[in-house]
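Enquirer: Construct the entire structure; sequences and hints are all you get.
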Amino acid sequence: MNLDPIPTDQLTFRLPQKFDNVEDERRHRQERLVAALRLFGRFGFEEGVAGHITARDPEHSDYFWVNPFGMSFKHIRVSDLILVNHEGQVVHGKYHVNQAAFAIHSMVHQARPDAVAAAHSHSVYGKALSSLGTQLEPLTQDACAFYEDHGLFDDYTGVVLETEEGRRIATALGSHKAVILRNHGLLTVGDSVDAAAWWFITMERSCQAQLLAKAAGPTVSIEHDQAKLTHGQIGNDLVGWINFQPLYDQIVRSETDMFD
Numbered sequence: 547m548n549l550d551p552i553p554t555d556q557l558t559f560r561l562p563q564k565f566d567n568v569e570d571e572r573r574h575r576q577e578r579l580v581a582a583l584r585l586f587g588r589f590g591f592e593e594g595v596a597g598h599i600t601a602r603d604p605e606h607s608d609y610f611w612v613n614p615f616g617m618s619f620k621h622i623r624v625s626d627l628i629l630v631n632h633e634g635q636v637v638h639g640k641y642h643v644n645q646a647a648f649a650i651h652s653m654v655h656q657a658r659p660d661a662v663a664a665a666h667s668h669s670v671y672g673k674a675l676s677s678l679g680t681q682l683e684p685l686t687q688d689a690c691a692f693y694e695d696h697g698l699f700d701d702y703t704g705v706v707l708e709t710e711e712g713r714r715i716a717t718a719l720g721s722h723k724a725v726i727l728r729n730h731g732l733l734t735v736g737d738s739v740d741a742a743a744w745w746f747i748t749m750e751r752s753c754q755a756q757l758l759a760k761a762a763g764p765t766v767s768i769e770h771d772q773a774k775l776t777h778g779q780i781g782n783d784l785v786g787w788i789n790f791q792p793l794y795d796q797i798v799r800s801e802t803d804m805f806d
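For any residue, its number in my numbering is found by taking its place in the sequence shown, counting from 1, and adding 546.
No wet-lab data here; the hints were simulated from the structure.
Errors might be hidden in some of the hints.
With a straight-line Cα cutoff of 30 Å, these simulated DSS-like cross-link-like pairs (lysine-lysine) come out [said to hold, decoys possible]:
id: 1; residue 1: Lys-620; residue 2: Lys-640
id: 2; residue 1: Lys-564; residue 2: Lys-620
id: 3; residue 1: Lys-673; residue 2: Lys-760
id: 4; residue 1: Lys-673; residue 2: Lys-774
id: 5; residue 1: Lys-620; residue 2: Lys-673
id: 6; residue 1: Lys-760; residue 2: Lys-774
Ranges between beta-carbon positions, derived for each pair [what the hints assert, rightly or not]:
id: 7; residue 1: Gly-679; residue 2: Arg-560; range: 33 to 43 Å
id: 8; residue 1: Thr-680; residue 2: Leu-549; range: 46 to 56 Å
id: 9; residue 1: Arg-714; residue 2: Leu-557; range: 22 to 32 Å
No residue lacks a Cβ here, since even glycine has one placed at the ideal position from N, Cα and C.
Expert: This is the structure we're talking about:
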């Protein structure tokens with residue numbers, strides 16, 4: 547066996563794909579969207595018909611792909627996805643759109659042209675932390691991904707069905723990767739489906755860690771300079787994309803019907 551060091555340029559390291567045509571990029575986004583939805587189902591992020599992940603269409607940038615209203619995250623396939631235009635009308639697919647999904651996501655995508663995808667669900671720990679009307683603290687390394695990089699929508703006016711409410715949520719999100727919706731839950735965005743989904747997953751876990759730590763006793767926060775440094779190391783969308791890849795591999799191997 548040869549034990550000489552292998553040059554790093556001969557080692558495999560995955561990076562986001564680049565596409566020569568919109569058809570291939572569209573299919574890629576659809577597959578990643580379905581994988582993210584299946585993972586949300588696996589992690590228990592469902593709450594009845596609530597929750598949605600959207601992916602901007604690469605050709606018609608003011609349209610987005612989204613899970614159908616009333617279908618379990620655990621069952622969604624590529625063929626089930628619907629394409630919704632800027633007026634909330636389904637232009638591709640055979641199912642209804644969740645009006646809350648349109649009201650929120652249409653305004654988020656409009657306000658954030660850099661955001662390819664957005665994720666929102668009523669996950670348990672996100673809901674719990676949102677009821678405190680507070681933000682994530684830099685208590686752990688993972689939480690530092692959101693340090694000074696998430697907003698708080700400090701209001702609640704019922705189920706979001708109007709685009710004006712979605713516009714207010716987009717304003718609270720601002721240029722950040724995430725926003726906590728008081729008494730409601732979490733919303734994350736990213737420059738890929740992978741990044742947006744990862745930010746939601748790790749934000750939910752960071753909410754869980756903060757709630758557990760606060761319940762156990764006095765906490766020790768990471769100091770500002772170190773929290774900022776750590777954010778710079780782990781808080782960009784490429785890192786979010788990279789962190790999503792092992793989860794994507796798991797779901798693809800275990801659920802072979804996703805891309806039907």
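Enquirer: State for each hint whether it applies.
Expert: Now the hints, each set against the structure:
For the given pair, Lys-620 sits about 18 Å from Lys-640 by alpha-carbon distance, which is consistent with the 30 Å threshold. Simply put, Lys-564 and Lys-620 have alpha-carbon atoms about 28 Å apart, close enough for the 30 Å limit, and the pair holds. This hinted pair checks out: Lys-673 and Lys-760 have alpha carbons roughly 16 Å apart, not beyond 30 Å. Proposed proximity of Lys-673 and Lys-774 is supported: the alpha carbons are some 26 Å apart, at most 30 Å.
The suggested pairing of Lys-620 with Lys-673 holds, with an alpha-carbon distance near 21 Å, which does not exceed 30 Å. For the hint pairing Lys-760 with Lys-774, the CA-to-CA distance comes to about 22 Å; that is within 30 Å, so the pair holds. The hinted window of 33 to 43 Å between Gly-679 and Arg-560 holds, with their beta carbons roughly 39 Å apart. At roughly 53 Å, the beta-carbon separation of Thr-680 and Leu-549 lies within the given 46 to 56 Å, and the hint holds.
Take Arg-714 and Leu-557: their Cβ atoms lie about 47 Å apart, and the range 22 to 32 Å is violated.
In this structure, the one hint that does not hold is number 9.
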